[in-house]
Amino acid sequence: MMLDRLNQMANQIARNLAMQGEAKAVDATYQHLKDFWDPRMKAAILASDRAGLDPIARAAVDRLAA
Amino acid sequence: MGYEPQTEFGTPEVLSDVAVTLTIDGRQVTVPAGTSVMRAAGSCGGSIPSLCATDSVEAFGSCRMCLVEIEGARGLPASCTTPVAEGMVVHTQTERLARVRKGVMELYISDHPLDCLTCSANNDCELQDTAAEVGLRDVRYGYDGANHLGAAIDASNPYFDFDPSKCIACSRCVRACDEVQGTLALTIDGRGFASKVSAGQADDNFLSSECVSCGACVAACPTATLQEKAVKELGKPERAVITTCAYCGVGCTFRAEMKGEQLVRMVPWKDGKANRGHSCVKGRFAWGYANHQDRILSPMIRDSIEDPWREVSWDEALTFTAGKLNAIKAQYGARALGGITSSRCTNEEVWLVQKLIRSGFGSNNVDTCARVCHSPTGYGLSKTFGTSAGTQDFDSVMDADVVLVIGANPTDGHPVFASRLKRRLRQGAKLIVIDPRRIDLVRSPHIEAAHHLALQPGTNVAVLTAIAHVIVTEGLADEAFVRERCDLDEYQDWARFVSDQRHSPEALEAVTRVPAAELRAAARLYATGGNGAIYYGLGVTEHSQGSSTVIAIANLAMATGNIGRRGVGVNPLRGQNNVQGSCDMGSFPHELPGYRHISDSATRELFEHDWGVALDAEPGLRIPNMLDAAIDGSFRALYVQGEDILQSDPNTHHVAAGLKAMDCVIVHDLFLNETANYAHVFLPGSTFLEKTGTFTNAERRIQMVRKVMEPANGGLEDWQVTQALANAMGLGWTYSDAGEIMDEIARLTPSFAGVSHARLDAEGSLQWPVNAAHPDGSPIMHEDGFVRGKGKFIVTDYVPTDEKTGPRFPLLLTTGRILSQYNVGAQTRRTENTVWHPEDLLEMHPTDAENRGLNDGDWVKLTSRTGETTLRVTVTDRVAPGVVYTTFHHPATQANVVTTEFSDWATNCPEYKVTAVQVMPSNGPSEWQETYASWSEKSRRITPVAAE
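Residue numbers (our numbering), protein chains in the order written: chain A, 1 to 66; chain B, 67 to 1014.
Calculated directly from the structure, the hints in this document are not laboratory data.
Please note that a few of the clues may not be correct.
[Stated by the list, open to error] In silico SDA-like pairs for lysine to any residue, Cα to Cα no more than 20 Å straight-line:
#1 Lys24(A) with Lys449(B)
#2 Lys496(B) with Arg632(B)
#3 Lys34(A) with Leu681(B)
#4 Lys34(A) with Phe563(B)
#5 Lys24(A) with Lys858(B)
#6 Lys336(B) with Ser113(B)
#7 Lys858(B) with Asp54(A)
#8 Lys24(A) with Gln995(B)
#9 Lys726(B) with Gln995(B)
Isolated chain A, as found in the complex (with noise of 0.2 Å):
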């Protein structure tokens, strides 16, 4: 898949959920990622460097790959 695209999306989830507070957003992140993304997608993100991520998407990634 499109890694930039995936990052785009990612760091856009993150940024509408940022106003909930770090931690809260990290959660709701990653909630997001396992429900709505398709597994290409997470597979995807999860085997690129993340570098292009912001960091509640980054930490949201990281527990998605625990």
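Given chain A, put chain B in place with the hints provided.
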């Protein structure tokens, strides 16, 4: 049923808790107080002759045919304008009345053509019926005096004629336009003998006037004065079948009036609970596409999209398609296959398509056109209220005191609901409009919005947060409601957030461009004006913050206690006829029917047990992700039923690239649409007139669609085609009719548990949930508590879109639709509706036009970061400086060449409403338009089936 006119009571129904008993012609009758004597007589089987009365409009009392005798009363009162009274004794048939009525009738007929035998309304004419009823045999005055018999016919409207020589000046058409439609396009011009019905100004005809061709005047006319051209051409219908319109989400029900298998006319059904006997130009008249010469009636296949199409038998097409799908599945795995369901198709058809994808293809790669319209509604309302649906029925608006319309243009998009809304506004309800454009509702005859917040496109969340700020900081919230019905801690978090000074109207004015004082006044009105109802459309959802905006709307309704009773609520106005239903039927890739997540093992097991297959537990791809994955090579086959994603979805270049990359694209449709230019299989579809099933409208109302003619594609309804494809893949489905599919839906979907075709036939319609807790359905949601338990406040903040204006693209483009056209225009472009909208136009403010040297009607090049197209400009101050607007109804323009892939953060609903563009003069079509036109022509070549 055979052909019987609809029941007519003469005057509208009156609702009252007080019952009145009177005697009419010796029969006792009890009716609500305020009912007319005419209606009371009708309710007990009597019949009083009349010409100017009809139960769709208020009594007028002009024709003097409905006179009655009332014991103890002087003279002969008109029964249409006389209310019943307790103990009243009425006589409707006496010698005196007969004499007077015959005399009045004689005067009418003295200025009316005596051409009944050749008149198009012969045997369907109230004037003719009434003349017979009063026993008129002669006209003593002769026909040589002054008369109107030579008046010229106005045939300007493409669907109906106006023949003033047959007009009796009863004003029913004028009153229908005023009261039912609310356009006020007609009037009686002149006085006395010179009185005549006039559309618009003196030099107007019906076409050039403000008439919106809703057909209310035609339905109200008691003679052949206003009559459908189709009736004049084909004659009187011989049978009528009740069915549901296949256009917008209002879900009007109609009588399809037939002559054999020929549809003569569609007449709005007076008992329809969504439309209450009204219609718009599309549902009433724009059905000609059903038999248009462009329809493809034979299956077609080709190995490559470079090849011409080859007409084949159904067997060969299905074998070819199943072979391709099975081969792709074997080589690339189940997740390489997917499909798109259609909101124009029935619930039963959508159900089968998602079932085929989940149980046959073996993936959850199913999505629907709601992705690009109301997916944020599902997300936002399920998070806050617990249900992915609007909260009210349409009738509820008649109890609203303040109506807030945001991001919707009901007079164009949902015209029949708009007529109801305008009726309520004329009664005195207040209106707030939040929209970048000055939509017609802002100011039209007898309607004026109290506040129009003409916000900068893309700032919905900022405006709604500012409104919330005013409500909370000025102490206007309904805290008693919140304490009882909502999670208090979450409310307090939200209230603290919106109270911050940075969310004040003054602080946000620079972002929203809405004057702070105006916004404060609107907020106060919504919070304190009585029952507050919010209606919204795609101007809310089709943004990068579409879901946040839906949540912000829900927050406002909860904070002010405007939820859970009549007259209030949160009401998404759905775009297509079955958007609600297609979402209910499990068309989203992350959830099974009934909005249950695919990861929920209990729900999955329910379906696995019923369907006899294992289901994938992981969410599938959304439409834009399918296209991305196709370009990447991991998504190879797509089944598209009843949608045209190449024209309707954003960034046409990207959609084309995705489709081109696939090994097998199956288009199941009426026409060779734009998507079919990239398809390998074309399966001819059936129209709504050729199928049986159900649609679910914007008020969750499930209504029957009934077949009135055999499918022209060889006799297959769309659900039968899907079943045949499933069986070609080896699934062994055995549905014998659409009712069996609904039985399966009811068995597996809790909110549909009490629904069946038999019950819908008996009751007309049902609003889900229909189950043990709500056996008769649910007109109003959340009356005793939210579906999710406590209402959930969710903090939303304004996050600017990534789509920015700048020196290269200084204007913001927002897109939408107009009254006469529908979606990508596949249906309406193949009707006479093109007379009103033959091309897409670009609306531009005079200042912006002047800066570019543009005049009204000039050709312009519209350019964004993703592409460019050309179209003509119309200069208007309806849009603000810096904003341009167009529609997307015509493939020759293809507005979505310009729109971008930016989308809603939660649902990927495209950001159609905000695209940075430049507009410059142009002297010809864009390179893309020329290339695409050439490609399209090449792709549509058809090799006819070889003669045997």
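Item to complete: Quickly compare the C-alpha distance for Lys496(B) and Arg632(B) to 20 Å and report which way the hint goes.
Response: holds (16 Å)
Discussion item. Check whether the Cα positions of Lys34(A) and Phe563(B) lie no farther apart than 20 Å.
Written reply: violated (28 Å)
Worksheet item: Within a Cα-Cα threshold of 20 Å, do Lys858(B) and Asp54(A) meet the stated pairing?
Response: At roughly 28 Å apart (the allowed maximum being 20 Å), Asp54(A) and Lys858(B) break the hint.
Worksheet item: Quick one, are Lys24(A) and Lys449(B) close enough, alpha carbons at most 20 Å?
Response: holds (15 Å)
Worksheet item: Holds or violated: are the alpha carbons of Lys24(A) and Gln995(B) at most 20 Å from each other?
Response: violated (48 Å)
Discussion item. Need the status of pair Lys34(A), Leu681(B): alpha-carbon distance at most 20 Å?
Written reply: holds (18 Å)
Discussion item. Lys336(B) and Ser113(B) were given as a pair; does the straight-line alpha-carbon distance stay at or below 20 Å?
Written reply: holds (19 Å)
Discussion item. Checking one constraint from the list: CA of Lys24(A) to CA of Lys858(B), max 20 Å. Satisfied?
Written reply: holds (15 Å)
Worksheet item: Has the given pair, Lys726(B) with Gln995(B), been kept, meaning a C-alpha gap of at most 20 Å?
Response: holds (18 Å)
Against the hints set out earlier in the document, violations occur for numbers 4, 7, 8.
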